[in-house]
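In order, the protein sequence lines correspond to chains Z and A. Here the first sequence stands for residues 3 to 603, numbered as in the numbering used here. Here the second sequence stands for residues 3 to 603, numbered as in the numbering used here.
Mixed in with the good hints, there may be bad ones.
The list cannot tell twin chains apart, which means a pair is met if one copy fits it or any two copies do.
Okay, derived cross-link-like pairs now, DSS-like style, lysine-lysine, Cα gap no bigger than 30 Å in a straight line [claimed, not checked]:
no.	residue 1	residue 2
1	K273	K193
2	K37	K6
3	K53	K14
4	K329	K512
5	K65	K75
6	K329	K463
7	K497	K580
8	K149	K580
9	K273	K580
10	K578	K512
11	K333	K512
12	K329	K193
13	K226	K333
14	K149	K75
15	K578	K497
16	K578	K513
17	K226	K513
18	K513	K463
19	K37	K478
20	K460	K497
21	K512	K226
22	K333	K193
23	K329	K513
Just so you know, the hints here were simulated from the structure itself, not pulled from any lab data.
There are 2 protein chains.
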Amino acid sequence: MAGKFISIRNLKFLLYEVFDTAGLAKAPYFHQHNKKSMDLVLDASMKLSQKMLFPILEEMDRKAPYLDNGTVKVHPSVRSIMREFGDGGWIGASFPEAWDGEQLPHILNCACHLIISSANYSAGVYAELTSGAARLIGSYAADRLKKTYLPNMLAGRWQGTMALTEPQAGSSLSDITTTAYPTGKDYYLLKGQKVFISAGDHDGVDNVVHMLLGRIEGAPAGVKGISLFLVPKHRVDDSGNLIFNDVVVSQVFHKMGYRGAPITELSFGEKEDCRGFLVGEPNRGLMYMFQMMNGARIGVGLGAAAIASAAYYAALEYSQSRRQGRKMGAKDPDAAQVPIIEHADIRRMLLFQRAVVEGSEGLLMQCALYEDMLHIAPEEERERYELLLDLLTPIAKSYSSEMGILSTSFAIQCLGGYGYCEDFPVEQYYRDVRIHPIHEGTTGIQGIDLLGRKVIMKEGKAFFLFLETVRSDIQKAARVVGVAYLTTQLENALKILEEVTAHLGDLGVKKGQEVFLADATLYLEMFGIIAIAWQWLLQAMAACEADNGASRSADLNFYQGKRYTARYFFAYELPKIKVLAQRLTDSDPLTIEMQSSYFND
Amino acid sequence: MAGKFISIRNLKFLLYEVFDTAGLAKAPYFHQHNKKSMDLVLDASMKLSQKMLFPILEEMDRKAPYLDNGTVKVHPSVRSIMREFGDGGWIGASFPEAWDGEQLPHILNCACHLIISSANYSAGVYAELTSGAARLIGSYAADRLKKTYLPNMLAGRWQGTMALTEPQAGSSLSDITTTAYPTGKDYYLLKGQKVFISAGDHDGVDNVVHMLLGRIEGAPAGVKGISLFLVPKHRVDDSGNLIFNDVVVSQVFHKMGYRGAPITELSFGEKEDCRGFLVGEPNRGLMYMFQMMNGARIGVGLGAAAIASAAYYAALEYSQSRRQGRKMGAKDPDAAQVPIIEHADIRRMLLFQRAVVEGSEGLLMQCALYEDMLHIAPEEERERYELLLDLLTPIAKSYSSEMGILSTSFAIQCLGGYGYCEDFPVEQYYRDVRIHPIHEGTTGIQGIDLLGRKVIMKEGKAFFLFLETVRSDIQKAARVVGVAYLTTQLENALKILEEVTAHLGDLGVKKGQEVFLADATLYLEMFGIIAIAWQWLLQAMAACEADNGASRSADLNFYQGKRYTARYFFAYELPKIKVLAQRLTDSDPLTIEMQSSYFND
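Okay, chain Z solo, but in the shape it has when bound (with noise of 0.2 Å):
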């Protein structure tokens, strides 16, 4: 199985012709990088993945992580990966400097992870969630804390883990039960049960630190009383050994796909000897893990977007090269038959992976160049970025995991039934990407996060920062020969998205919560599409000013390329969110009169 799973000419075009990377350098914060060290770092990202990730893409999915006496075993490769990206400064790539961190620009890491998420989405996972784990200690916990955790974390020694699902509290965090018992020392006793959790538990590292939520005992109910704990496997007694902590691995879950990784159910304080370590203050822990959750919703946004890439350079390589069938129209049986991307059809489908992979991929490197922004824009100017990324983080998650789906889809068509045997990767991703709209809080819990919370924080204020951050852009595009006419649809779109924000914000007034957010999936859907057009115009100018310079042939087909799917987006995805606006406006609440009982029969 060899191939390609994914475009640097496509990343670098996003870096540096897109967005202004290279000029990031220019800010003090980043002054140890320019265009040729970012350069090395896609590249070493790039060989670190053929060379160790997507090889064993297969063998991860065949072989999947089992029970065994007490330990979860993974592949045996997990450990070399780990210990590569621990040695290869990834897991710290964005952290400070003053954490050990590389610093690195947060739109080049996310081009980094989008390579390596690409190759083998399972690999990447356990030194994702490492390094998020890891920026959750170095934000909130005590210093003694941080010393004993971040070196070894970074270093790829321990795995990090996001401990907060229970049985009864999924979607409902405020249901969450684990409870921390104070004794009085620096550590709280813990008892309670999550599951879901991954990377939970594995051989491929030395030791296990979960970012846990639990409830100090007697703590209010609801979200208003949950608190953070580092809670490890084995915990550091004074003389620096591990001890084995009573975090007990009690079953691995046999998924459907996504299966290079573990996800676990675990124990915590079976024999009442779990220790957990207060991070920050008590009863704020859902604010602190939220720095985590947000991280965590772009890395599955982004997950989702590279594993569609894998999938659609699987799908153009078998549509450039399988002949079967004449041109429309032809008559002559005997003549060749052509490559199936000759036939509209497959161009179709082509047209719509690439445009929902490369879209994303877009929207993804916008919330990471907020990111970065918080760094180096002035101090009154970062509410901006932070409102901009809160607003589009549901969106990035959802949008890149919904249509990933899809995309995944198209590729397994263009395969016909070979698609749908195991000799082609396509079937794995197919299965790997539908968890994507499910983990890190599913659709439906992004689309209330969206028009429920960020649409309506500080009376619309990132909601109208948005608006006026695209229409800036289209005021740009509105002057570039080729893309102006794109420009119009999108202004359209936008005055939609507004007519329909503020028709939904009377009804609320008017209906109340649970008729204000019946469709908030539906909106969260609309726009999506309409972030995503923004992306496409931003690429369909950057094109469109390159392709006058271009010189080289394969860079004019670049660019052309680019052009005919945004044209693509505009003709054939834009559009939809007029049905979804129809229905966002009509106003039978029917989903809401529907009756559990009149379901039966």
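We have chain Z; now place chain A onto it with these hints.
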């Protein structure tokens, strides 16, 4: 794994309240049936499904077929299942009595197959293929072949297949090269290779009978040189013994799903000793095979709807029992959590599933009813039913298959993380149903069949018959209180369908075949939504009429559910045709102008 996979109440509603199946018995051809005997047939297939098929659904997936010493080993139950299908008369159920069939109405047979396939799609395929092959033999083969093959196939002792696809001839059947050499005797010698042959070999039967497309040596190129052959794995010698006929299995494909049935690669005549018997006249094979292909296409749609049904009931059961979160806007964190079906977004997803499942079932039964009418309608009306059946076949196949995937995906989403795990059956359904837009002609092929052949044949006669039929139902519905509000929307949809079709017709004349058919898949999608809206109008009408007379509260709930689901379909699904229509009438041929090289970088 116990649970409901289909609703008998709903099937009876469709059979007796929407379509007048009991009334068919008035026709002499169906004289031996009545409502009571029909109910008994339904009960029998339910018992068979619950007892033999559903219990091994998971096991047949986990222990997939494998090649062992030249024979494909399948689940040991396949043999008893085939015999049960044979002894119970299921294989020839809808065959004429003259062929030892039961002369069962197709519409009832369709309901039975929905039951069987929703219990275990793979298990039902063996019998369904045998039935299709036997029907082809009954229709076109010489008496001596009928005499030898039909009894063994109807008894479930011999497996039937359709052997069309070759490595270089998948969607492009005209490129078949398997060759038949005349011998001067009553058989030809066959030589060639076939791939993706469902149930092409297995140890659950004593023989396999391939209905194979090949070319008689020297036949013209293209479809005009294709003939139909009956090629058994073992031929029968003069003394009635089975002799190996040089048909060798070279591979069993490893598939993502649909793993209970083997898909094989076969070699015919490697040792120059493979005898095949011509069926019908030379060079007319494709025309004959279309009988089996059309039946199989309906069968594929049926399989997809059935799997979606099973997934829907699994999701419904989970949604009614799983508690998570509280009503939107509820503030008390100490209040008990509610079943997730109380959340509007879950209801929306369940309504979508129900709309797809029951809408598809309606359209499939509608097709089956047209097939029944071919037997009992006055001679001069038969063309009408034949044309409608021809027109609706690609739609019933593709809508059910494409939407079946989305429906099953929504079932997973209702279950969240659990839906992604093997503990629940929905992940298997999701893998199983992905085959349906591929086999028996991909969705792309169905689109070309619909727009490029069915809509324009006989100067649009089938198309106009469809419009006339739906409009006549609209007139009836306009008089039913509680349904009339749907009729305007459906009438508008028909107008859009007419406009788009006329526009495309013009475009074809002016710009040629390639432009005409470039978006045939979208045309198919649009037509499918309208056809299902029509079916939901019929169901809403029947529910409204019955509602008034309903006395049991269970019935009231059922009819309310029907009405809400129709309302859902018209509010959320039908409007999608506008976007499709916009794309189909905007004349930017970008998928044709896009070049293969633009996809490179």
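Here is what the structure says about each hint:
1. K273 / K193: within (9 Å within a copy, 71 Å between copies)
2. K37 / K6: Intra 24 Å, inter 60 Å, cutoff 30 Å: intra-copy only.
3. K53 / K14: For K53 and K14, only the intra-copy Cα distance (21 Å) is at most 30 Å; the inter-copy one is 59 Å.
4. K329 / K512: between (57 Å within a copy, 17 Å between copies)
5. K65 / K75: Close inside one copy (10 Å) and across copies (23 Å); limit 30 Å.
6. K329 / K463: between (53 Å within a copy, 27 Å between copies)
7. K497 / K580: The answer is both: 11 Å in one copy and 19 Å across copies each meet 30 Å.
8. K149 / K580: Neither, since 54 Å and 60 Å both go past 30 Å.
9. K273 / K580: For K273 and K580, neither the intra-copy (58 Å) nor the inter-copy (62 Å) Cα distance is at most 30 Å.
10. K578 / K512: both (28 Å within a copy, 28 Å between copies)
11. K333 / K512: between (64 Å within a copy, 19 Å between copies)
12. K329 / K193: between (67 Å within a copy, 29 Å between copies)
13. K226 / K333: between (72 Å within a copy, 12 Å between copies)
14. K149 / K75: within (29 Å within a copy, 59 Å between copies)
15. K578 / K497: both (15 Å within a copy, 20 Å between copies)
16. K578 / K513: Both: 27 Å inside a copy, 27 Å across copies.
17. K226 / K513: within (27 Å within a copy, 66 Å between copies)
18. K513 / K463: Only inside one copy: K513 and K463 sit 23 Å apart there, 50 Å across copies, limit 30 Å.
19. K37 / K478: Answer is within; shortest intra-copy Cα gap is 25 Å, inter-copy 71 Å.
20. K460 / K497: within (21 Å within a copy, 46 Å between copies)
21. K512 / K226: within (28 Å within a copy, 68 Å between copies)
22. K333 / K193: Result: close only across copies, 27 Å inter versus 74 Å intra.
23. K329 / K513: So K329 and K513 pass the 30 Å test across copies only (14 Å; inside, 56 Å).
Figure legend: structure checked against the earlier numbered hints; hints not met, in rising order: 8, 9.
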